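Q: So the chains spell out like this:
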Amino acid sequence: MNILVLLKQVPDTTEMQIDKEKGTLIREGVPTITNPDDLAGLEMALRLKEKTGAKVTCITMGPPQAKNMLRELFAMGADDGILISDRAFAGADTWATSNTLAAFIKQIPYDLIIAGRQAIDGDTAQVGPQTAEKLGIPQITYVDDVIEFSDKKIVVKKALENTYEVLECELPCVITTLSTIAKPRYMRVRGISHAFERDIRTVGFDDLNIDPSIIGLKGSPTKVKKTFTKEVHQNLDVLHLDGKASARKVAEILLDMNFIGK
Amino acid sequence: MKFDLSEKQAMMKKLFREFAINEVEPIAADVDEEERFPEETVKKMAEIGMMGIPFESKYGGSDGDTLSYVIAVEELSKACGTTGVILSAHTSLACNPIYTYGTEEQKQKYLIPLTRGEKLGAFGLTEPNAGTDAATQQTVAVPEGDFYRINGTKIFITNGGYADTYVIFAMTDKSKGNRGISCFILESDMEGFSIGKTEHKLGIKGSSTTELIFKDIMVPKENLLGPIGKGFRIAMETLDGGRIGIAAQALGIAQGSLDQAIKYVKERKQFGKPLSAFQNTQFTIADLQTKIDAARLLVYRAAYMKDKKYNFATEAAMAKLFASEVAMEVTTKSIQLHGGYGYTRDYPVERMFRDAKITEIYEGTSEVQKMVIASSVLR
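The listed protein sequences derive, respectively, from chains A and B. Taken in order, the first sequence gives residues 1 to 262; the numbers are from this note's numbering. Taken in order, the second sequence gives residues 1001 to 1379; the numbers are from this note's numbering.
Hints in this document: simulated from the structure, not taken from any laboratory. Mixed in with the good hints, there may be bad ones.
To be verified - Think about it this way: if two alpha-carbon atoms lie no more than 25 Å apart in a straight line, the pair counts; the simulated BS3-like pairs of lysine-lysine are:
1) B:1309 - B:1197
2) B:1201 - A:183
3) B:1370 - B:1309
4) A:183 - B:1014
5) B:1044 - A:51
6) B:1014 - A:67
7) A:262 - A:158
8) B:1201 - B:1002
9) A:49 - B:1043
10) A:49 - B:1044
11) A:183 - B:1044
12) B:1266 - A:51
13) A:67 - B:1002
14) B:1370 - B:1308
15) A:157 - A:55
16) B:1215 - B:1109
17) A:67 - B:1013
18) A:49 - A:106
To be verified - Now the stretches of chain A that chain B is said to cover, found in silico as 3 or more residues with beta-carbon under 8 Å:
19) 70-83
20) 171-183
Stated by the list, open to error - Per label pair, the in silico range of CB-to-CB distance:
21) A:18 - B:1266: 23 to 31 Å
22) B:1021 - A:53: 27 to 35 Å
23) B:1287 - A:212: 55 to 63 Å
Being a predicted model, the structure only gives us computed values, none of them experimental. C-beta: ideal position from N, C-alpha, C; glycine also.
Next up, chain A with everything else stripped away, as it sits in the complex:
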């Protein structure tokens, strides 16, 4: 069994600043971390590995310094790490990124692909689902728990706004994970001692059979015109009801939101 985990190195947004003129994130000099949803996805993968003996391969697309992140993932227990990196891939939006990821993944064996729900820098939540589309396999997003995992199928708990769905899916498939799915483990000291002896395969444009017009900045249909912080408007309904009617109203709302059952 092969589990692929898609991860992204992102700026630590607790220290993030925005270039007000360009409307882009200032990435220079900001420390990087592994995207939290992705790291939780890796933890889930490692737990599935402990149960089933599956091989866990981490895949990231990014600049060469993302190798350091892969070494940290080795120290946590990942079996293999692949860096997809080439100037030709730079500046990709989610569409071009998923084209690139899918082109690579088609070359290797996989049973389950785990991606974090969304990255804290772009917040699009698109790369996981788009990769599934381009591979032509099913996907389940917002996964908060894995209930069952075998070589044929996976059963997961998917979180919706006020409720959960339990879904079963044949393998191979893509799941995207919430950061709450599993608390990432610490690196192991011995893992760090050996993380730098490990090979990291770097995949470039020449390694992929891909149309250059659908990758990188040129292949990205998204153009950022402006970024801004949304103002928060709260819609408050004020109702004046007597005791019984207000209780009925509250019950109705809670029922509607699935907090209580009939």
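Model the placement of chain B on the given structure of chain A, informed by the hints.
A: Just chain B now, with coordinates in the frame of chain A:
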């Protein structure tokens, strides 16, 4: 000459820092207040491989180096001096002599469970009448068939009562003085082994410091560590390494305390501006950080020399002498920078100040370090 950590060491530091912030700092005040040995932290350290950092994986270790181990003690001690010394005594004083002087059988039997963190280690040299004058050992080991019969008392034993494996020293030939001392590995469940008085201390209150009582313990001869009569040398060489660990603890306490003071002076306002805007504050902090950095260079140098297998006894003594005195100065001034609040238990600098003092005393007082340094310099 290089002053950078290797990528590997930097990653270790990141791990130890995260661990200290998430697992150690949140309970540090309670561990102190309740004088409670943080067993749960030891278990968590074992899980990630911190109980055997500088030993080879064939002996259950983590294949790291002394510098990585020193960084671990430093990072733990930034948050909690108690946790720092638990790791230091275990690694430097118990694992290290077994690793260095042990037979293959002893390593298999005793070192592996220690480095894996399944067992905790301790070291017993000091006696009521043998402190700095460690050669005046009154504990005796008398050969009897395949055993040694050991009788005596040890005091001030770090990890006492919680440790399973004890590296201890006893006289095998009183007529030979220093050369009549031998080293043994004892187990806490041996008949005749008991824990006496538990000390109530000024600082590092969560660290267990106890008396060990040996009453007719029959220790198998295969538990003799190193050659007969070489115990004193083993003790001194072990303490050379231990001093790097204590120096790292002092360094961590100093930096942890200054970090608290820096945070405080940026927040606290008097006369309409933060304390950090006053030049007196700025100069104090500049002085203290400079001294801490100097201490760090000494501590890291000693660790580096040990890794390189150079003679490091003098450098370890310098590191401990300087780092422990810096820790006292920094924690004292950190309280001063906090004013009255710093004297209360609402702020961690009060605890750090109490924790710092012991680093000038144990594993060789500052005076002993000066003896070691002078004897090398004046040679």
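Q: Take the hints in turn and mark each one as holding or not.
A: Each hint, compared with the structure:
Restraint check: the Cα-Cα separation between residue 1309 of chain B and residue 1197 of chain B comes to about 39 Å, which exceeds 25 Å; the hinted pair is violated. Only pairs whose Cα atoms come within 25 Å are accepted, and residue 1201 of chain B paired with residue 183 of chain A is rejected, the gap being roughly 37 Å. Proposed proximity of residue 1370 of chain B and residue 1309 of chain B is supported: the alpha carbons are some 23 Å apart, at most 25 Å. Taking the CA atoms of residue 183 of chain A and residue 1014 of chain B, the gap is near 18 Å; set against the 25 Å cutoff, the hint holds.
With a C-alpha separation of about 22 Å, the suggested pairing of residue 1044 of chain B with residue 51 of chain A holds against the 25 Å cut-off. Simply put, residue 1014 of chain B and residue 67 of chain A have alpha-carbon atoms about 16 Å apart, close enough for the 25 Å limit, and the pair holds. For the given pair, residue 262 of chain A sits about 22 Å from residue 158 of chain A by alpha-carbon distance, which is consistent with the 25 Å threshold. Restraint check for residue 1201 of chain B and residue 1002 of chain B: the C-alpha separation of about 40 Å exceeds 25 Å, so the hint is violated.
Between residue 49 of chain A and residue 1043 of chain B the alpha-carbon distance is near 23 Å, which keeps this suggested pair within the 25 Å criterion. Taken as a hint, the residue 49 of chain A and residue 1044 of chain B pair is honoured in the structure, with Cα atoms around 21 Å apart against an allowance of 25 Å. As the CA atoms of residue 183 of chain A and residue 1044 of chain B are separated by approximately 15 Å, the hinted pair is consistent with the 25 Å bound. Restraint check for residue 1266 of chain B and residue 51 of chain A: the C-alpha separation of about 50 Å exceeds 25 Å, so the hint is violated.
Between residue 67 of chain A and residue 1002 of chain B the CA atoms are separated by roughly 23 Å; this keeps the pair inside 25 Å, and the hint holds. In summary, the hint linking residue 1370 of chain B to residue 1308 of chain B is supported, as the alpha carbons are separated by about 24 Å, within the 25 Å threshold. For the given pair, residue 157 of chain A sits about 23 Å from residue 55 of chain A by alpha-carbon distance, which is consistent with the 25 Å threshold. With a C-alpha separation of about 24 Å, the suggested pairing of residue 1215 of chain B with residue 1109 of chain B holds against the 25 Å cut-off.
Using a Cα cut-off of 25 Å, the hinted pair residue 67 of chain A and residue 1013 of chain B holds, with the two alpha carbons roughly 18 Å apart. The hinted pair formed by residue 49 of chain A and residue 106 of chain A meets the criterion: a straight-line CA distance of about 22 Å does not exceed 25 Å. Coverage of a stretch by a chain is defined here by at least three residues with a beta carbon nearer than 8 Å to that chain's beta carbons; for the segment 70-83 of chain A and chain B the count is 3, and the condition holds. Coverage of a stretch by a chain is defined here by at least three residues with a beta carbon nearer than 8 Å to that chain's beta carbons; for the segment 171-183 of chain A and chain B the count is 0, and the condition is violated.
Range check, residue 18 of chain A to residue 1266 of chain B: Cβ separation about 24 Å, and the 23 to 31 Å hint holds. At roughly 34 Å, the beta-carbon separation of residue 1021 of chain B and residue 53 of chain A lies within the given 27 to 35 Å, and the hint holds. Between residue 1287 of chain B and residue 212 of chain A the C-beta distance comes to about 59 Å, which sits within the given range of 55 to 63 Å.
In this structure, the hints that do not hold are numbers 1, 2, 8, 12 and 20, in rising order.
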